[in-house]
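Number of protein chains: 2
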Amino acid sequence: MSDKTADRVERVRSAEDLSRDQREISISEFFEKNRHLLGYDNKVKALLTVVREAVDNSLDACETARIVPDIKVSVKLVSGMKDRYVISVEDNGPGIVKQNIGRVFGKLLFGSKFHKLLQSRGQQGIGISGAVLYSQLTSGKPAKIVTSTGDGKTHCMDLMIDTFKNEPEIIKEDVREGKNWHGVKIELEAEGKYVEHQQSISEYLKQTALSNPYAEIIYDSPDGKIKFERSVKTLPEEPKSIKPHPHGVEIGILRRMLRTTEARTLTGFFTTDFSRVGQSSAKEIIRLAKFGEDVNPKNIDGPQVEKLFQAVQQVQLIKPPLDCLSPLREKLIEEGLKKQLKPEYVVAITRPPDVYRGNPFQIEVGVAYGGELPPDSVAALYRFANRVPLMYQAGDCALAKAVSEIEWRRYGLEQASGAALPTGPIAIFVHIASVWVPFTSESKEAIASYPEIIKEVKLALQEAGRKLSIYVNKKRRAGEAALRMSLFEKYIPEVADALARLSGAEKGKIAAKLENMLKKGKVVIEDTEEPEKPAGKEDDA
Amino acid sequence: MSDKTADRVERVRSAEDLSRDQREISISEFFEKNRHLLGYDNKVKALLTVVREAVDNSLDACETARIVPDIKVSVKLVSGMKDRYVISVEDNGPGIVKQNIGRVFGKLLFGSKFHKLLQSRGQQGIGISGAVLYSQLTSGKPAKIVTSTGDGKTHCMDLMIDTFKNEPEIIKEDVREGKNWHGVKIELEAEGKYVEHQQSISEYLKQTALSNPYAEIIYDSPDGKIKFERSVKTLPEEPKSIKPHPHGVEIGILRRMLRTTEARTLTGFFTTDFSRVGQSSAKEIIRLAKFGEDVNPKNIDGPQVEKLFQAVQQVQLIKPPLDCLSPLREKLIEEGLKKQLKPEYVVAITRPPDVYRGNPFQIEVGVAYGGELPPDSVAALYRFANRVPLMYQAGDCALAKAVSEIEWRRYGLEQASGAALPTGPIAIFVHIASVWVPFTSESKEAIASYPEIIKEVKLALQEAGRKLSIYVNKKRRAGEAALRMSLFEKYIPEVADALARLSGAEKGKIAAKLENMLKKGKVVIEDTEEPEKPAGKEDDA
Chain B
1 MSDKTADRVE
11 RVRSAEDLSR
21 DQREISISEF
31 FEKNRHLLGY
41 DNKVKALLTV
51 VREAVDNSLD
61 ACETARIVPD
71 IKVSVKLVSG
81 MKDRYVISVE
91 DNGPGIVKQN
101 IGRVFGKLLF
111 GSKFHKLLQS
121 RGQQGIGISG
131 AVLYSQLTSG
141 KPAKIVTSTG
151 DGKTHCMDLM
161 IDTFKNEPEI
171 IKEDVREGKN
181 WHGVKIELEA
191 EGKYVEHQQS
201 ISEYLKQTAL
211 SNPYAEIIYD
221 SPDGKIKFER
231 SVKTLPEEPK
241 SIKPHPHGVE
251 IGILRRMLRT
261 TEARTLTGFF
271 TTDFSRVGQS
281 SAKEIIRLAK
291 FGEDVNPKNI
301 DGPQVEKLFQ
311 AVQQVQLIKP
321 PLDCLSPLRE
331 KLIEEGLKKQ
341 LKPEYVVAIT
351 RPPDVYRGNP
361 FQIEVGVAYG
371 GELPPDSVAA
381 LYRFANRVPL
391 MYQAGDCALA
401 KAVSEIEWRR
411 YGLEQASGAA
421 LPTGPIAIFV
431 HIASVWVPFT
441 SESKEAIASY
451 PEIIKEVKLA
461 LQEAGRKLSI
471 YVNKKRRAGE
481 AALRMSLFEK
491 YIPEVADALA
501 RLSGAEKGKI
511 AAKLENMLKK
521 GKVVIEDTEE
531 PEKPAGKEDD
541 A
Chain F
1 MSDKTADRVE
11 RVRSAEDLSR
21 DQREISISEF
31 FEKNRHLLGY
41 DNKVKALLTV
51 VREAVDNSLD
61 ACETARIVPD
71 IKVSVKLVSG
81 MKDRYVISVE
91 DNGPGIVKQN
101 IGRVFGKLLF
111 GSKFHKLLQS
121 RGQQGIGISG
131 AVLYSQLTSG
141 KPAKIVTSTG
151 DGKTHCMDLM
161 IDTFKNEPEI
171 IKEDVREGKN
181 WHGVKIELEA
191 EGKYVEHQQS
201 ISEYLKQTAL
211 SNPYAEIIYD
221 SPDGKIKFER
231 SVKTLPEEPK
241 SIKPHPHGVE
251 IGILRRMLRT
261 TEARTLTGFF
271 TTDFSRVGQS
281 SAKEIIRLAK
291 FGEDVNPKNI
301 DGPQVEKLFQ
311 AVQQVQLIKP
321 PLDCLSPLRE
331 KLIEEGLKKQ
341 LKPEYVVAIT
351 RPPDVYRGNP
361 FQIEVGVAYG
371 GELPPDSVAA
381 LYRFANRVPL
391 MYQAGDCALA
401 KAVSEIEWRR
411 YGLEQASGAA
421 LPTGPIAIFV
431 HIASVWVPFT
441 SESKEAIASY
451 PEIIKEVKLA
461 LQEAGRKLSI
471 YVNKKRRAGE
481 AALRMSLFEK
491 YIPEVADALA
501 RLSGAEKGKI
511 AAKLENMLKK
521 GKVVIEDTEE
531 PEKPAGKEDD
541 A
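Line by line, the protein sequences give chains B and F.
Each residue of the first sequence is one higher than the one before, counting from 1 in the working numbering.
Each residue of the second sequence is one higher than the one before, counting from 1 in the working numbering.
Since the hints were derived computationally from the structure, they do not count as laboratory data.
Fair warning: this is a prediction, and the values are worked out from it, not measured in the lab.
Worth double-checking, as some hints may not be accurate.
Stated by the list, open to error - Pairs of lysine to aspartate or glutamate residues, derived as DMTMM-like cross-links and limited to a Cα-Cα distance of at most 20 Å, are as follows:
#, chain 1, residue 1, chain 2, residue 2
1, B, LYS227, B, GLU250
2, F, LYS98, B, GLU203
3, B, LYS467, B, GLU250
4, B, LYS165, F, ASP83
5, F, LYS243, B, ASP17
6, F, LYS43, B, GLU250
7, F, LYS172, B, GLU334
8, B, LYS33, F, GLU250
9, B, LYS172, F, ASP301
10, B, LYS206, B, ASP70
11, B, LYS298, F, ASP162
12, F, LYS116, B, GLU16
13, F, LYS33, B, GLU250
14, B, LYS240, F, ASP17
15, B, LYS144, B, ASP162
16, F, LYS144, B, GLU334
17, F, LYS455, B, ASP41
18, F, LYS43, B, GLU494
19, F, LYS153, B, GLU334
20, B, LYS33, B, GLU191
21, F, LYS307, B, ASP83
22, F, LYS33, B, ASP273
23, B, LYS33, F, GLU169
24, B, LYS165, F, ASP17
25, B, LYS193, F, ASP83
26, F, LYS116, F, ASP273
27, B, LYS307, F, ASP83
28, B, LYS116, F, ASP273
29, B, LYS144, F, ASP301
30, F, LYS33, F, ASP17
31, F, LYS98, B, ASP223
32, F, LYS165, B, GLU334
33, B, LYS144, F, GLU306
34, F, LYS98, B, ASP17
35, B, LYS82, B, ASP70
36, F, LYS82, B, ASP17
37, B, LYS298, F, ASP301
Claimed, not checked - If you want the ones that stay clear, here's a sample from chain B, every Cβ over 12 Å from chain F, calculated:
#, residue
38, LYS113
39, GLU191
40, THR272
For glycine and all other residues, C-beta sits at the position ideal for the given N, C-alpha and C.
Okay, chain B solo, but in the shape it has when bound (with noise of 0.2 Å):
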């Protein structure tokens, strides 16, 4: 530290300057003014993440409430206005009660899913305001909300976001009686681009009908009207929340969960507060830092939590439970495939569910192959977090990285050196289920890479790709057969003539007689190559 003193009086100043300026920001004024961090950077996607946000939240709403979605989206440009859209988004779910419709659409950081370790779409309480957010910010005009519970009340709200407080502004409310219904309608108008194209909205929609099976989706774009109809006709199973496993915990967290628990004993705290803690596990947690067991959270703080926390991670605890975990299933992930791209051959694999920082996680692959896929291109990729298709940013992905990292060749399909995606008529499917999805940004874009995830991904995608190799590989062994063959059957009057005169029989009866055999596949040409080694599991995974 300098002891200079001489021009003292002037950083005095400066420093009370310095103090003047320094004020608190909302989260809405954060976000407004890092738009991108949202999805929101440029016209096309803004629209797309629009859309998006409106269709997890509605999906997420009937699952909850156990409602099979039948979900209406429309984007219309808003006549005499250049790059400007309405977008609505209506669903059947279980409607927001009256109080809670202004901070649910007009508050970011306000929402259901945060506090629990459950699987969900959304997670963060930012998704819906933050479009509402974008909405506003483009277009100076309020969301329009509509919801029933199904107690013949209608509220009809608009609504903007008050900024600098990061609290809704309601601009105009009303209810309306006597119609019996239940749901949502979202209303908003932002500036926006339509483009059809790869990442387009009726792509989204495409791949949300393959990851939701049972809801159905009719979309009205600027284009016209088209109906994504549901196949399966039940919810998946719903999923459950779960309490946090204690190796997952930081030691910042357990100082906090043991200054708010309700529990009033050590033992209490860690049987009711945390999964996978039972009595005897508990007791060896508190032997070991040397407590009473009797001891009251509360009074546990400083170098106290330290002692617990470490205590904590030499006890042996089973893993957390993971049937808070619904993924899609092989079964489902296969017939989507089939249906939506119209390969010749397709395989799925559903992982069993692992943890990464605590958190269960479970992954699954689908690889189609050859049919309607384009023989030359790269491969096509999709991936998906909770059933939410992942539209941007793959080059950022886990999934996407441990797709490239593959040795595909292996597997009989063609691939440029370095990591990268396979050539070929192929396509490849990955779905992460989690009670807590690691996204690389709030946009919820890309997964973060750790390695726990990849490391699954990549065994799941071994496994399916031996599966698939044994496919191609007959493919192009039968291929080859079939070429060999044709050249033998060019020299049938050749080899004719040669066996009649050595054995005296007639040469047309011969040849004909060799060509019953070649039809009949009595005569195999054998593969005269080296048998392949058989594709076995790879190292670097």
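We have chain B already, so just place chain F on it with the hints.
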């Protein structure tokens, strides 16, 4: 909207169930759970991020108070612990007034820079409190702050963040009198891993010294002390804070500015709250929108905002003032590159300022070639934003993208096909200075791909490339000429022999003369290749 009512009762319960779970999420909780968004994805990077946030803050504080910075950084392993370090950063800045210490370090989204358009390192009010959050999460320990504003009082404060409230929690606090100094020292204990590699703390500090040559940095690392001495004794020009430019303001912001302005007339609003709007421009806007000049801005709302917004777009205005930027300038970049990399050739280009989304920015680049740079590797790329080295996520960064999109072969360099960095003894430096740097994430590691930014980087690199190519080509031609001359030298005896026989002169004399001429450079062996096309302006810029 569905009219089914059969399961109404059950669903009503669901909507209310849902509402009970809905609650506010504090920004601290959010980043605690999403710490990778702040750059704390792994232990190695986390240690660097903690140092970076503290050093950025110190440099900003010193510059704002116009103090030439002296910074001490220390990173030490906690004895007896694996992967646990104590990081401390100390500066000679203006210090922090007592009443703000808590919130500067213990509240996320609190700061002096967010609400200004000013070139500074920090802009979000998240950095240093994010480091405190990471520290308490992984060590359970408070941050220790020691500061004085030069009034003889030293404030010592141990604090943590109450993550539920996003407010500082003061653990311990005292004041010591008598010592006259000013500055801040912050000490944090956190999980980390210390590795010397390309993205290490010492590399970060080395690059910081390169772009802040007026700062002295002493680094006490786990491996020993390193001192980066200042090479310049004066601070760069002070960047000025500017008002927003009307063409960079979105309609939602305009609406808010209307409601919060202190101006009482529309004319006053435009001329005082914006840059580049004089009386006549203001009057033109108001006339186009068909308002009266004396209308109170606070009375404008709803569709009237849109009318005013459209009018603003129609009026021609001068670009934003550009003296708000403080680039490094060519001389400083060239000197820095020479000192650090010892190349044989160096060129730097500082572009004139430009504007993206209403925000002034300025690009400068440097290219170093040959000398001690490794001859066969891919070019080293140094990225900077407002003088801060960017160490991660180059793959996602507009600066890196622009460098790779240059056709370096035009400038005599080797380059792999497709967009790639050039290969050879070359290092590339790119700096963006802006009043608002558009980072792709809160961890501030990569620049978002605004076309204006990419275009400016390319123009700068092309200009540097043209200068470099003259040098590279000259060097190559000189090398080839030397090669041809040495070949000619070999044949001197034979040429002399032939000439002697033809002319009758003495062979030895002729040979001596020829050698002499070669040495004096009077014989120039002409390049027989086609003259090269001058490296002109690329079309793809």
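Evaluated hints:
1. Straight-line distance between C-alpha atoms of B:LYS227 and B:GLU250 comes to about 47 Å, which puts the hinted pair past the 20 Å bound.
2. Between F:LYS98 and B:GLU203 the alpha-carbon distance is near 55 Å, which puts this suggested pair outside the 20 Å criterion.
3. For the proposed pair B:LYS467 and B:GLU250, the alpha carbon gap of about 41 Å is over 20 Å, so the pair is violated.
4. Note on B:LYS165 and F:ASP83: the hinted pairing is violated, with a Cα-Cα distance of about 40 Å set against a maximum of 20 Å.
5. This hinted pair checks out: F:LYS243 and B:ASP17 have alpha carbons roughly 19 Å apart, not beyond 20 Å.
6. At most 20 Å may separate the alpha-carbon atoms for a hinted pair to count; F:LYS43 and B:GLU250 meet this at roughly 13 Å.
7. Restraint check for F:LYS172 and B:GLU334: not satisfied, since their Cα atoms lie roughly 61 Å apart, outside the 20 Å limit.
8. With a C-alpha separation of about 10 Å, the suggested pair B:LYS33 and F:GLU250 falls inside the 20 Å cut-off, and the hint holds.
9. With a C-alpha separation of about 14 Å, the suggested pairing of B:LYS172 with F:ASP301 holds against the 20 Å cut-off.
10. For the suggested pair B:LYS206 and B:ASP70, the alpha carbons sit about 15 Å apart, so the restraint of at most 20 Å is met.
11. Under the criterion of a C-alpha separation no larger than 20 Å, the hint pairing B:LYS298 with F:ASP162 is consistent with the structure, at around 15 Å.
12. Annotation: proposed proximity of F:LYS116 to B:GLU16 holds, straight-line Cα distance about 17 Å (limit 20 Å).
13. Distance hint between F:LYS33 and B:GLU250 is fulfilled; the C-alpha atoms sit about 10 Å from each other, no more than 20 Å.
14. Under the criterion of a C-alpha separation no larger than 20 Å, the hint pairing B:LYS240 with F:ASP17 is consistent with the structure, at around 15 Å.
15. Taking the CA atoms of B:LYS144 and B:ASP162, the gap is near 16 Å; set against the 20 Å cutoff, the hint holds.
16. The suggested pairing of F:LYS144 with B:GLU334 is violated, with an alpha-carbon distance near 57 Å, which exceeds 20 Å.
17. The straight-line distance between the Cα atoms of F:LYS455 and B:ASP41 is roughly 17 Å, inside the 20 Å bound, and the hint therefore holds.
18. Between F:LYS43 and B:GLU494, the direct Cα distance comes to roughly 75 Å. Violation of the 20 Å bound is thereby established for this hinted pair.
19. Simply put, F:LYS153 and B:GLU334 have alpha-carbon atoms about 71 Å apart, too far for the 20 Å limit, and the pair is violated.
20. A distance of roughly 16 Å separates the Cα atoms of B:LYS33 and B:GLU191; the hinted pair therefore holds under the 20 Å criterion.
21. Between the alpha carbons of F:LYS307 and B:ASP83 the distance comes to roughly 16 Å, so the proposed pair stays at or under 20 Å and holds.
22. A distance of roughly 18 Å separates the Cα atoms of F:LYS33 and B:ASP273; the hinted pair therefore holds under the 20 Å criterion.
23. Distance hint between B:LYS33 and F:GLU169 is unfulfilled; the C-alpha atoms sit about 29 Å from each other, more than 20 Å.
24. The suggested pairing of B:LYS165 with F:ASP17 is violated, with an alpha-carbon distance near 27 Å, which exceeds 20 Å.
25. Annotation: proposed proximity of B:LYS193 to F:ASP83 is violated, straight-line Cα distance about 49 Å (limit 20 Å).
26. With a C-alpha separation of about 12 Å, the suggested pair F:LYS116 and F:ASP273 falls inside the 20 Å cut-off, and the hint holds.
27. The hinted pair formed by B:LYS307 and F:ASP83 meets the criterion: a straight-line CA distance of about 16 Å does not exceed 20 Å.
28. The straight-line distance between the Cα atoms of B:LYS116 and F:ASP273 is roughly 45 Å, outside the 20 Å bound, and the hint therefore fails.
29. Our distance criterion of 20 Å between C-alpha atoms is met by B:LYS144 and F:ASP301, whose separation comes to about 17 Å.
30. A distance of roughly 25 Å separates the Cα atoms of F:LYS33 and F:ASP17; the hinted pair therefore is violated under the 20 Å criterion.
31. Straight-line distance between C-alpha atoms of F:LYS98 and B:ASP223 comes to about 61 Å, which puts the hinted pair past the 20 Å bound.
32. Restraint check for F:LYS165 and B:GLU334: not satisfied, since their Cα atoms lie roughly 47 Å apart, outside the 20 Å limit.
33. Between the alpha carbons of B:LYS144 and F:GLU306 the distance comes to roughly 18 Å, so the proposed pair stays at or under 20 Å and holds.
34. Distance check on the hinted pair: F:LYS98 and B:ASP17 sit about 13 Å apart at the alpha-carbon level, within 20 Å; holds.
35. Distance hint between B:LYS82 and B:ASP70 is unfulfilled; the C-alpha atoms sit about 31 Å from each other, more than 20 Å.
36. Distance hint between F:LYS82 and B:ASP17 is unfulfilled; the C-alpha atoms sit about 42 Å from each other, more than 20 Å.
37. Restraint check: the Cα-Cα separation between B:LYS298 and F:ASP301 comes to about 52 Å, which exceeds 20 Å; the hinted pair is violated.
38. Not every beta carbon of chain F lies more than 12 Å from that of B:LYS113, the smallest distance being close to 8 Å; the non-interface claim is violated.
39. At roughly 8 Å from the closest C-beta of chain F, the C-beta of B:GLU191 falls inside 12 Å, breaking its exclusion from the interface.
40. At roughly 19 Å from the closest C-beta of chain F, the C-beta of B:THR272 stays outside 12 Å, upholding its exclusion from the interface.
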